[in-house]
Amino acid sequence: MSESQSEIPITPEALDQLSEELDARMPDLLDEVRELLAAEWPDYARYLDEHRAEVAEVGVLFVHRLLDLAEHGPQHAHGAGEDLELPTQLVFEQVGRQQLQEGQELSDLLAAYQVGARVAWHHVAETALKLDLGSEVLAILAEAVFAFVDEFSTASAHGYVSEQSASSAARERHREELAELLLSGRSDTIAVRLAAERAGWQVPGDVAVVLADPEDARACGVVEHLGHHCLPIRRDDATGAIVPLPGGRADRLISALRDCRAVIGHPLTVDLLPAGMRIARTALRLRSTGVLRGSPVIVAEELDTIIANRDEWLLDTLRRQVLQPLLELPDSKRDRLVETLRSWLWHMGDRHAMADELHIHLQTVRYRMDRLHEVFGDALDSPRERARMYLALTWDDR
Numbered sequence: 001m002s003e004s005q006s007e008i009p010i011t012p013e014a015l016d017q018l019s020e021e022l023d024a025r026m027p028d029l030l031d032e033v034r035e036l037l038a039a040e041w042p043d044y045a046r047y048l049d050e051h052r053a054e055v056a057e058v059g060v061l062f063v064h065r066l067l068d069l070a071e072h073g074p075q076h077a078h079g080a081g082e083d084l085e086l087p088t089q090l091v092f093e094q095v096g097r098q099q100l101q102e103g104q105e106l107s108d109l110l111a112a113y114q115v116g117a118r119v120a121w122h123h124v125a126e127t128a129l130k131l132d133l134g135s136e137v138l139a140i141l142a143e144a145v146f147a148f149v150d151e152f153s154t155a156s157a158h159g160y161v162s163e164q165s166a167s168s169a170a171r172e173r174h175r176e177e178l179a180e181l182l183l184s185g186r187s188d189t190i191a192v193r194l195a196a197e198r199a200g201w202q203v204p205g206d207v208a209v210v211l212a213d214p215e216d217a218r219a220c221g222v223v224e225h226l227g228h229h230c231l232p233i234r235r236d237d238a239t240g241a242i243v244p245l246p247g248g249r250a251d252r253l254i255s256a257l258r259d260c261r262a263v264i265g266h267p268l269t270v271d272l273l274p275a276g277m278r279i280a281r282t283a284l285r286l287r288s289t290g291v292l293r294g295s296p297v298i299v300a301e302e303l304d305t306i307i308a309n310r311d312e313w314l315l316d317t318l319r320r321q322v323l324q325p326l327l328e329l330p331d332s333k334r335d336r337l338v339e340t341l342r343s344w345l346w347h348m349g350d351r352h353a354m355a356d357e358l359h360i361h362l363q364t365v366r367y368r369m370d371r372l373h374e375v376f377g378d379a380l381d382s383p384r385e386r387a388r389m390y391l392a393l394t395w396d397d398r
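Under our numbering, the first residue of the sequence shown is numbered 1, with each subsequent residue one higher.
No lab work stands behind these hints, which were simulated from the structure alone.
Even glycine gets a Cβ: it sits at the ideal position worked out from N, Cα and C.
Some clues are possibly wrong.
If you anchor each label on the Cβ, the simulated ranges turn out as follows [what the hints assert, rightly or not]:
id : residue 1 : residue 2 : range
1  : LEU327    : ASP237    : 30 to 40 Å
2  : GLY290    : ARG193    : 21 to 31 Å
3  : ARG193    : ASP43     : 31 to 41 Å
4  : GLN104    : ASP28     : 21 to 31 Å
5  : GLN104    : ARG173    : 44 to 54 Å
6  : LEU327    : ALA300    : 51 to 61 Å
7  : SER168    : ALA300    : 32 to 42 Å
8  : LEU327    : HIS347    : 23 to 33 Å
9  : HIS228    : LEU314    : 50 to 60 Å
10 : GLU13     : SER168    : 22 to 32 Å
11 : ALA56     : ALA147    : 15 to 25 Å
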């Protein structure tokens with residue numbers, strides 16, 4: 001016998017017999033697999049009934065792979081070391097995709113494959129023994145059966161994971177689109193409802209806009225991982241989220257963002273989100289300039305400061321008008337009088353409280369107030385002018 005002939009572990013006659021026997025057994029093999037699946041995975045049994053022809057084609061491919069390995073050995077078989085043929089691989093990838101789409105676990109599918117593998121091996125081994133093919137061929141066939149199952153298990157797992165990634169990406173895209181719709185000011189109830197259904201988001205009663213300082217990596221990280229119940233806000237100049245607030249309370253949110261340079265917006269309904277976004281942006285800007293100092297800033301507690309400082313140019317203009325009578329004074333005297341005027345407005349004229357705050361004697365308070373009355377005249381006695389002064393000076397934390 002030549003060297004090449006000695007490498008062939010099965011004769012052509014035995015090969016033909018193996019092919020005929022396995023082809024003849026295929027209907028019984030499929031019936032047995034179906035019966036075993038029906039007990040634990042009835043959905044898979046129904047799938048086999050509905051797609052029996054396609055499954056039988058895979059069975060034919062399976063037999064051809066076995067025959068090739070039996071004839072040439074694992075090292076010399078056609079396509080040795082290669083994966084499934086592309087069309088077959090795509091079929092099993094699609095099975096994996098459908099598994100996820102139908103809400104089934106991948107582990108169930110792989111377990112069902114193993115059931116099929118055990119039944120297939122039972123029939124292959126019985127046929128090989130019947131034909132007296134020998135232990136070498138039997139070992140090759142055993143390796144082939146389970147290698148084949150591993151290949152389409154891998155293909156299905158790849159399909160499952162790919163679909164999972166695609167579904168997650170699509171869901172995240174829908175969540176971003178919903179957030180932009182809610183912040184646009186151009187949404188209506190129907191559009192919001194449809195977009196929320198597509199994103200898998202239940203519209204809550206109260207929400208808040210949360211924004212993180214883009215230079216605070218920790219704040220950005222916390223905001224980005226607040227959970228799937230939150231909608232992401234991803235813009236070039238803003239990292240944030242639309243966060244549901246059960247009962248309008250933000251206790252957990254405040255705790256999560258403790259020591260973070262971030263802003264927690266005022267609780268509001270989703271139709272008011274565009275205004276909520278504008279206020280949160282203003283609060284974040286005021287925090288960056290030092291007007292607001294909270295970590296995080298809670299908008300509901302800072303509305304007065306935000307209102308007074310929301311337009312920097314207007315506030316500066318008002319401040320210049322209010323302080324006009326002091327402009328002729330030297331800087332040092334002007335600063336002391338501005339400080340005293342602010343304290344007087346804040347404490348509603350309580351000179352003892354002023355003295356405590358400014359760390360000066362009552363006599364000094366009286367002297368400075370006399371000087372202010374000289375400079376401002378009757379303006380200090382006008383409720384209208386005092387309100388203008390209060391607005392211009394009391395929120396000036398810079």
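Each hint, compared with the structure:
| no. | hint | result |
| --- | --- | --- |
| 1 | LEU327 / ASP237: 30 to 40 Å | 37 Å, holds |
| 2 | GLY290 / ARG193: 21 to 31 Å | 42 Å, violated |
| 3 | ARG193 / ASP43: 31 to 41 Å | 32 Å, holds |
| 4 | GLN104 / ASP28: 21 to 31 Å | 27 Å, holds |
| 5 | GLN104 / ARG173: 44 to 54 Å | 24 Å, violated |
| 6 | LEU327 / ALA300: 51 to 61 Å | 37 Å, violated |
| 7 | SER168 / ALA300: 32 to 42 Å | 34 Å, holds |
| 8 | LEU327 / HIS347: 23 to 33 Å | 25 Å, holds |
| 9 | HIS228 / LEU314: 50 to 60 Å | 41 Å, violated |
| 10 | GLU13 / SER168: 22 to 32 Å | 55 Å, violated |
| 11 | ALA56 / ALA147: 15 to 25 Å | 21 Å, holds |
Checked against the numbered hints above, the structure violates hints 2, 5, 6, 9 and 10; every other hint is satisfied.
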